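There are 2 protein chains.
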Amino acid sequence: MTWTTAQHIALAFDFPVVFTRNAFDPENAALAEVFGRSGPGPHRAGVVIDAGLAAAMPGLADRARAYCAVHDAAIRLVAPPLTVPGGERAKADFAVVEAVWKLTYEAKLCRQSFLVVIGGGAVLDAAGFAAATAHRGVRLIRMPSTALAQNDAGVGVKNGVNAFGRKNYIGAFAPPYAVINDHALLATLPAREIRSGLAEAVKVAVVRDADFFARLCELAPLLAALDCDALEEADRRCAVAHLEHIASGGDPFEMGSARPLDFGHWAAHALEEATGGDMRHGEAVAVGMALDTLYAARVGLLPRADADAVLGLLEQLGLAVWHPALANLDMPAAVEAFREHLGGRLHLTLPTAIGRRIEVHDVDYASLAAARETLAGRGVPSGPACPGE
Amino acid sequence: MTWTTAQHIALAFDFPVVFTRNAFDPENAALAEVFGRSGPGPHRAGVVIDAGLAAAMPGLADRARAYCAVHDAAIRLVAPPLTVPGGERAKADFAVVEAVWKLTYEAKLCRQSFLVVIGGGAVLDAAGFAAATAHRGVRLIRMPSTALAQNDAGVGVKNGVNAFGRKNYIGAFAPPYAVINDHALLATLPAREIRSGLAEAVKVAVVRDADFFARLCELAPLLAALDCDALEEADRRCAVAHLEHIASGGDPFEMGSARPLDFGHWAAHALEEATGGDMRHGEAVAVGMALDTLYAARVGLLPRADADAVLGLLEQLGLAVWHPALANLDMPAAVEAFREHLGGRLHLTLPTAIGRRIEVHDVDYASLAAARETLAGRGVPSGPACPGE
Ligand SMILES: NC(=O)c1ccc[n+]([C@@H]2O[C@H](COP(=O)([O-])OP(=O)(O)OC[C@H]3O[C@@H](n4cnc5c(N)ncnc54)[C@H](O)[C@@H]3O)[C@@H](O)[C@H]2O)c1
Ligand SMILES: NC(=O)c1ccc[n+]([C@@H]2O[C@H](COP(=O)([O-])OP(=O)(O)OC[C@H]3O[C@@H](n4cnc5c(N)ncnc54)[C@H](O)[C@@H]3O)[C@@H](O)[C@H]2O)c1
Ligand SMILES: [Zn+2]
Ligand SMILES: [Zn+2]
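These protein sequences, in sequence, are chains A and B. The numbering of the first sequence is the numbering used here, which starts it at 338 and goes up by one. The numbering of the second sequence is the numbering used here, which starts it at 338 and goes up by one.
Read the hints as simulated data drawn from the structure, not as lab findings. Heads up, some of the hints might be wrong.
Which copy is meant is left open, so a pair is good if it fits within one copy or across any two.
[Unchecked claim] Here are the computed lysine to any residue pairs in the SDA-like style, where the Cα-Cα straight-line distance is at most 25 Å:
#1 Lys504 - Ala595
#2 Lys445 - Ala406
#3 Lys445 - Glu610
#4 Lys439 - Ser594
#5 Lys504 - Ala432
All values derive from a computational prediction rather than experimental measurement.
Let the sequences and hints guide you as you build the complete structure.
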C-alpha cells in the first residue's frame with residue numbers, strides 16, 4: 338500500500354565574476370555585457386546603493402544612471418537608484434528587504450529583470466535576500482564595495498538578514514546572475530576596513546592554498562602599506578579561492594555540517610557578539626584563526642613552524658592576534674553556538690600544514706585554554722615570521 | 338585590466354515522495370524512515386498543522402505526537418504541534434511565516450532538523466517559505482492534505498506568500514526533504530475540493546501523457562462518483578507526472594519563461610482574481626483549459642476531435658467548462674499579467690494533440706473571443722465525449 342518515488346533534480350548555475358576598475362566609466366563594457374548575456378535588450382533594471390558608499394563617493398548614483406543611459410540598448414533603468422542604510426543596520430530588521438521588494442514591485446521587475454546592488458556585505462545580504470525572494474528571484478548583479486565583500490561575501494551564494502538577535506537567521510542560498518568586482522569602489526574605504534578584509538585572504542590561503550600563502554608573505558610589506566595593486570591581487574586571489582571552494586567543495590548549498598571556509602570563525606562570531614560590533618569581522622577572524630592555529634599546534638596536528646608562520650603573517654599585515662574580549666570568552670558555549678549554527682555534529686576546520694586542513698569533531702578545552710594563554714602573552718604585533726623572508 | 342572568471346555550480350536535490358495511507362498509524366514506518374535517511378537519530382523536529390484540517394480531523398495533532406513518541410529513536414518532537422490558519426489566509430500576510438520562524442528559533446531547529454508541515458497548498462506554501470529561509474533552510478517534510486496539494490502543489494519545488502495584492506509575490510525555490518502523500522488525509526475534504534483537484538490531473542494528461550488521459554477517461558465515472566481508489570490512482574499519477582516534468586523538463590527552477598504545467602492558467606489566475614476567491618483553483622483551471630483548448634482548435638493547432646475529448650472529460654468529471662466571469666474578462670490584460678508573472682517573452686502552452694504541446698508567443702484575440710463564445714454556448718456539463726467510451 339505504501340509506494341515511494343525518488344525525485345532527482347539536477348541544477349546548474351553559471352555566473353561570471355568580473356574583476357575590473359571603474360565599472361561606471363561609459364567606456365567600460367563589463368556591466369552592459371553582463372546584461373547582454375541574457376539576449377537582446379534593453380532589459381529592465383533597478384539599482385540599490387549602500388548609503389555609506391553613496392556618502393563616501395558623491396555622484397556615484399549619477400554615474401550609474403549615466404552609464405545606463407549610454408548603454409540603453411542593454412539596460413533600461415526603470416526607477417531612480419534606491420539608497421538604503423549601509424552596514425549591519427541594513428540587516429538588523431526587514432526595512433531594507435521590504436524597501437527592495439517595494440522597488441521590484443513598483444518598477445515591475447520580473448524574473449528576467451535585473452537588480453544591481455552596490456554596497457558592502459551587509460547591503461548585499463539584505464538586498465540580495467529581497468532579490469532572491471521577489472517573484473521567487475529576480476536577477477541579481479552584485480557590485481561589492483568593501484574588501485570583504487569583494488573577496489568573500491559578495492562572490493558566494495548566500496544572503497541573509499538578522500532575526501531573534503541571531504546573525505543571518507533568515508536567508509537563502511541564491512547564486513547571483515553576475516558579480517562585478519570594481520576595485521575602484523574601494524578607494525574611499527577606511528584603512529581599517531581594508532586591512533580587516535585581508536584576514537579572509539589569510540584564511541583561504543591557510544586552509545587551501547600554500548602558494549597563495551607564500552605570495553601573501555611576499556606581498557606582506559606592500560599589503561601592510563595598503564598598496565593598491567598588491568591589495569587588488571590579494572583580493573582577487575581570495576575571491577577566486579572562495580569561488581573555487583564553492584564550485585568544487587562538493588556542498589555549495591551547505592547541506593552538510595562541514596564548512597572549511599569557516600576556519601577561525603567560531604571564535605570570531607563569539608568575539609563580534611561579545612564586543613557588540615566594535616571589532617570588524619576580519620579583525621575577529623584574525624584572532625579566531627590565531628587561536629585555532631595555536632590550538633592545532635598544541636594538540637599535535639600542525640607543525641609549530643607553520644603556526645608561527647600564520648601568526649607572523651597576520652601580524653605583519655597589521656592584524657592583531659589577540660583581543661582582550663578573548664580572555665573572558667566562554668569557549669565551550671561559543672563552540673556549541675557554532676555547532677548549532679551549522680547544524681548536526683560539530684565540525685571545526687583546523688590546518689595540518691599551510692594549505693592543508695582537517696575537520697575535527699571534539700575540542701580539548703584544556704589545550705584550547707592553553708592556546709589562549711599563549712596568545713595573551715603575544716599581545717601586540719611583533720616582527721615578520723614568514724618562510725622565505 | 339578587466340578579467341572574468343566563470344563560476345559554475347552544479348547541484349543535485351534528491352527527495353522521496355511516499356504514497357501511503359494513515360501515515361500516523363504507529364505501524365506505518367514511512368515517516369520514521371524518512372527521518373532515518375539522515376542518519377542515526379533522534380532528530381529534532383517541529384510540526385505545523387493547517388487549522389482547517391485540524392478542525393475537520395480532531396485528534397490529528399495527538400496522533401502526530403503519539404507517532405513521534407513511538408518512533409522516538411528517529412524523531413524527537415521538540416515543541417508542541419503549531420496550528421496555523423488554513424487556506425489563502427495563511428499566505429495573505431507574513432503572520433504564518435513569522436509564527437513558523439519563531440517556532441524554528443524557539444525549538445532550536447537547525448539546518449539538520451526537521452519541520453513537518455501538514456495541510457493544504459496554502460499552508461505548505463507559507464510554512465514552506467519559512468522553513469526554506471530559517472537558517473537558510475531547515476529540512477521540510479510536506480504532508481499535503483488536499484487533492485491539489487497531493488497531486489501538484491505539495492510535490493513541487495516552490496513556496497510563497499502573497500504581497501502587494503499579488504499571488505506568490507514573495508517566495509523561493511526550495512525542494513523539500515521528503516513528501517508524504519497520505520491519501521487518508523483527504524477523507525474529510527469537501528467533494529468540491531476533491532473534484533477541483535482533478536483539473537490538474539486533466540492538465541498534465543493533456544499536455545504530456547496520452548496514456549494517462551485515456552485512463553482518466555476510463556475512470557471518469559468512478560472519479561465523478563468520488564470513488565476513493567480511483568481518486569487515489571488519479572492523484573498519484575498526476576503527482577508523478579508533475580515530479581517527472583520538474584525532474585526532466587530542463588528548467589526546475591523556472592529560469593526561462595516556458596511553463597508547460599501552467600496550461601490553462603493565464604485565464605485561471607484572472608478568473609480566480611475576478612471572482613474574489615469564489616472559484617476554487619481547479620475550477621478556474623478547468624475553464625482556462627477549456628478556453629485554450631477551443632482556441633487551439635480554432636487556430637488549427639489541435640484536431641477538433643481532441644478538443645471535444647478534453648472538454649468532454651472535464652464535464653464528465655463534474656468540472657464546468659464555463660463561468661459567467663469569463664464573459665467580462667479583459668483577456669489581453671490577463672494574458673499580459675501572465676506574461677509579466679513568468680517574465681520575459683510571452684509563453685503560452687497549447688495542446689497539439691492529446692499528450693502533446695507547443696509554446697506560442699502571440700495570441701489571436703479574435704479567435705480567442707470566438708472560442709469564448711463557443712464555450713459560453715456550452716454552458717453546463719453535458720454527456721461524455723471520451724474516445725473509446
Ligand atoms: N553572504 C555571505 O556569504 C557573507 C559572507 C561573509 C560576510 N557576510 C556579511 O557581510 C557583512 C559585512 O560586510 P562588510 O565587511 O562588507 O561591511 P558592511 O557591509 O557592514 O559595510 C561597512 C561600512 O562600510 C560602508 N561602505 C561600504 N562601501 C564603502 C566604500 N566603498 N567606502 C566607504 N564606505 C563604504 C557601509 O555603508 C558600512 O557603513 C556582515 O553582515 C556579514 O554577515 C556575508
Ligand atoms: N507551491 C506550488 O507549487 C503550488 C502549486 C499550485 C498551487 N499552489 C497554491 O496552493 C494553494 C491552494 O491549495 P489547496 O487547493 O490545497 O487549498 P488550501 O490550502 O487553500 O486549502 C483549502 C481549505 O481546505 C482546508 N483543508 C486542508 N486540508 C483539509 C482536509 N483534509 N479536510 C478538510 N479541510 C482541509 C484548509 O484549511 C482550507 O480552508 C494556493 O495558494 C496556490 O497558490 C502552490
Ligand atoms: Zn568570514
Ligand atoms: Zn494549477
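The hints, checked one at a time:
1. For a Cα distance limit of 25 Å, the shortest separation of Lys504 from Ala595 inside one copy, 19 Å, qualifies, whereas the shortest one across copies, 37 Å, does not.
2. Proximity of Lys445 to Ala406 under the C-alpha cut-off of 25 Å is restricted to the intra-copy arrangement: shortest distance 19 Å within a copy versus 50 Å between copies.
3. Taking identical chains as interchangeable, the C-alpha atoms of Lys445 and Glu610 lie at most 25 Å apart only when they sit on different chains, with a minimum of 19 Å there against 39 Å within one chain.
4. With identical chains, the CA atoms of Lys439 and Ser594 are at most 25 Å apart between copies only, with a shortest distance of 23 Å across copies and 35 Å within one.
5. Within a single copy, Lys504 and Ala432 get their C-alpha atoms as close as 16 Å, and across copies as close as 21 Å, so both meet the 25 Å cut-off.
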